[in-house]
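K.L.:
From first to last, the protein sequence lines are chains A and B.
The working numbering runs 247 ahead of the 1-based position in the first sequence.
The working numbering runs 5 ahead of the 1-based position in the second sequence.
The hints are simulated quantities; they were obtained by calculation from the structure and are not laboratory data.
Nothing here was measured: the structure is a model prediction, and the numbers come from that model.
Built from N, CA and C at the ideal position, the CB exists for glycine as well.
Please note that the accuracy of each hint is not assured.
Which bits of chain B does chain A cover? Going by a derived footprint, with three or more residues having C-beta under 8 Å, they are [as the list claims (entries may be wrong)]:
id, stretch
1, 146 to 156
2, 292 to 300
3, 317 to 327
4, 357 to 364
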Amino acid sequence: MKILLIEDDVETGEYLGRGLTEEGHVIDRAVTGRDGLFLAGSEPYDLLIVDRMLPGSDGLAIVKAVRGAGIETPVLFLTTRSSIEDRVAGLEAGGDDYLVKPFAFAELVARINALGRRPRNASLEKVIRVADLELDLAGRSVRRAGKRIELQPREYRLLEYLVRHAGQVVTRTMLLEHVWDFHFDPQTSVVEVHISRLRSKIDRGFGSELIQTVRGVGYCFRAAD
Amino acid sequence: MPLTRLLRTSSFRLTLLYAALFGVSVLVLFAVIYVTTAGYMARQLDRGIDSEITALQEAAQPGGTPRLASLIEERQAETSQSGTVYLLQDSEGRKLAGDLRFRRATIGWFDLRGRSRASEGGDPHRIRVRGVKLTDGGYLLVGQDASQLDEVREIIVRSFLWSAAATVVLALAGGMLMSAGILRRVGSVARASQAITAGDLSQRIPGRGAGDEFDQLADALNTMVARIETLMLGLKQVSNDVAHDLRTPLSRLRQRLEATLRGAPSVEEYRALVGRSIGDMDEILQTFTAMLRIAEIEAASRQAAFAELNLSELLATVLEVYEPLAEEKSQVLTSRVKPRLMVRGDRELLTQLMANLVQNALRHTPAQSRITVEARQGEGAAEVAIADDGPGIPAAERDKVFQRFYRLEASRSTPGSGLGLSLVGAIAQLHGIMIELSDNAPGLRVLLRFPRAVAAAG
Chain A
248 MKILLIEDDV ETGEYLGRGL TEEGHVIDRA VTGRDGLFLA GSEPYDLLIV
298 DRMLPGSDGL AIVKAVRGAG IETPVLFLTT RSSIEDRVAG LEAGGDDYLV
348 KPFAFAELVA RINALGRRPR NASLEKVIRV ADLELDLAGR SVRRAGKRIE
398 LQPREYRLLE YLVRHAGQVV TRTMLLEHVW DFHFDPQTSV VEVHISRLRS
448 KIDRGFGSEL IQTVRGVGYC FRAAD
Chain B
6 MPLTRLLRTS SFRLTLLYAA LFGVSVLVLF AVIYVTTAGY MARQLDRGID
56 SEITALQEAA QPGGTPRLAS LIEERQAETS QSGTVYLLQD SEGRKLAGDL
106 RFRRATIGWF DLRGRSRASE GGDPHRIRVR GVKLTDGGYL LVGQDASQLD
156 EVREIIVRSF LWSAAATVVL ALAGGMLMSA GILRRVGSVA RASQAITAGD
206 LSQRIPGRGA GDEFDQLADA LNTMVARIET LMLGLKQVSN DVAHDLRTPL
256 SRLRQRLEAT LRGAPSVEEY RALVGRSIGD MDEILQTFTA MLRIAEIEAA
306 SRQAAFAELN LSELLATVLE VYEPLAEEKS QVLTSRVKPR LMVRGDRELL
356 TQLMANLVQN ALRHTPAQSR ITVEARQGEG AAEVAIADDG PGIPAAERDK
406 VFQRFYRLEA SRSTPGSGLG LSLVGAIAQL HGIMIELSDN APGLRVLLRF
456 PRAVAAAG
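Extracted from the complex, chain A is given alone in its bound form:
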């Protein structure tokens, strides 16, 4: 993925740039908002990572300008501001996701992947198949190896999120935010318990596991190698 990183702190910028390059991404870095805006307008990127606090200009203004120029590239905000208002303002300005510093690098990688590989016509799909699992979005029903699996609504929603991001790592926070709209850390094993419930229905008795645990990061829905 080709990513433009607009971050004024040199150390953070270098660290993130190196890490993301190791992950197989191509990184362009800008230190000021003006340079960032120029780059974003002159080259096609798959993703913009924008620090909210930049010297001279607010990250919000840059994203507004980018959106104003008709550039629809997904934007991920990095910020030290954790208040609800700041997050809402960031998303309203045209940001697609919002990550509060400090964060685990794996969290950033997972969110980048989720943003970058967003299927363009996801809403048009009616059935998603991963390995031998079949998710019928219209009928909200699940089959594995041809066998129908009964799920509670909360289990279905969790599965749908995992399946829609099949092959990508999703973190605990991503699940909390997108499946239950929890924008805070409940500091309990809520996610783990829900995943283990879902596993007992989806994976148990089918030989191979589809819900993989990625240690220290989160989960990944994919056929076991």
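Given the coordinates of chain A, work out where chain B should sit on it, guided by the hints.
P.N.:
Showing chain B alone in chain A's frame:
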């Protein structure tokens, strides 16, 4: 109080302005009185002279000038004290009769200075005279002493000057008195404000209790100071909390890193250490985030984001999240939530509030406990009750649980930062929700009463 300060006050300037306005209106009033009174008297005077001339001429009709002369002599003899003066001259300018000394007679109205018989021996004063030409070429002049009219004029002008002087003196004195009073009250506000600025936030601006505009100002300022004091106390609390609850784990982390560095650890040991340190760091950050969140809520800047929302749906989501957790611990989480309960608030914060309370109930009760969440329309407003049959909270400690970092002795061993309930308290306060903790016999019952603002929707 220095005089210059007194004179610089806006109230003094205002008084001067009013005094000037008042002075102008007094001037106008006096001018009207002067013109009408003096004008009337002057006209009366002239009319008297006119009628005397007419009377004399009519009376002398048959006798001509000699008759006129004798008539004038008669009148002068009759009225020794009269203010009327006469002069009769023939066409050559020779005086035939009268007491007016005047060399050459003139026709028409004019004033001259002299004495009438009424004011014999006194200062000469103004005499109003009219001269007419007689048919035989002679002249008749009749004058009237105008001293009364002039006196009245003088009285009017003098009384005007006196009252003008009194107005100015009174205005100045009143203005100074009023300014002194206002300066005194402004001074007390300023002194109190200076003390507050200097850091004494417990100081309040004194009022007189009269409910006047200064008391209103003092009330408004006091409300502001009280708010600032609350915010400052909150800030102080946060910094104390930071010192208390972040220093300890931070120093523990530092010690561990240092100890490892001193030994000769293997790569494996390093890995384990870094992993554990990151875990510790995350915990510290969680505490930090929770404290910031509480401060953010207490600053009450979030009410702008309030919207009407469906509390029943919100509770359903929270319960859905925690049900599997309860099952895992063999606890029973049941709910009786009436549909379509509408409240006004911040969705995110209310979700966190409910989640924290449910989580608290799950965390502090043993296996097989029953936790019940009820929501219904109370007296005009929504009510949510979260009850458990666990160990409960002793009555004496119920007030303290909303304080930051407060943890019951019995709960020290269970995980948690000790910030969960103070976050609940802060969110509830922002929303005007009353929280009641009571004995569920056994266990704890937390009752949330929403403010009576939005009625239930259809």
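K.L.:
All the hints need checking, so say for each whether the structure fits it.
P.N.:
Status of the hints after comparison with the structure:
1. Here the stretch 146 to 156 of chain B counts 0 residues with a CB under 8 Å from a CB of chain A, which misses the bar of 3, and the coverage is violated.
2. Residue count for the stretch 292 to 300 of chain B with a Cβ under 8 Å from a Cβ of chain A: 3. That meets the three needed, and the coverage hint holds.
3. Requiring three or more residues with a Cβ within less than 8 Å of a Cβ of chain A, the coverage given for the stretch 317 to 327 of chain B holds, as 4 such residues are present.
4. Counting residues of the stretch 357 to 364 of chain B whose CB lies closer than 8 Å to any CB of chain A gives 3, so the stated coverage by that chain holds, three being the minimum.
Checked against the numbered hints above, the structure breaks only hint 1 and satisfies the rest.
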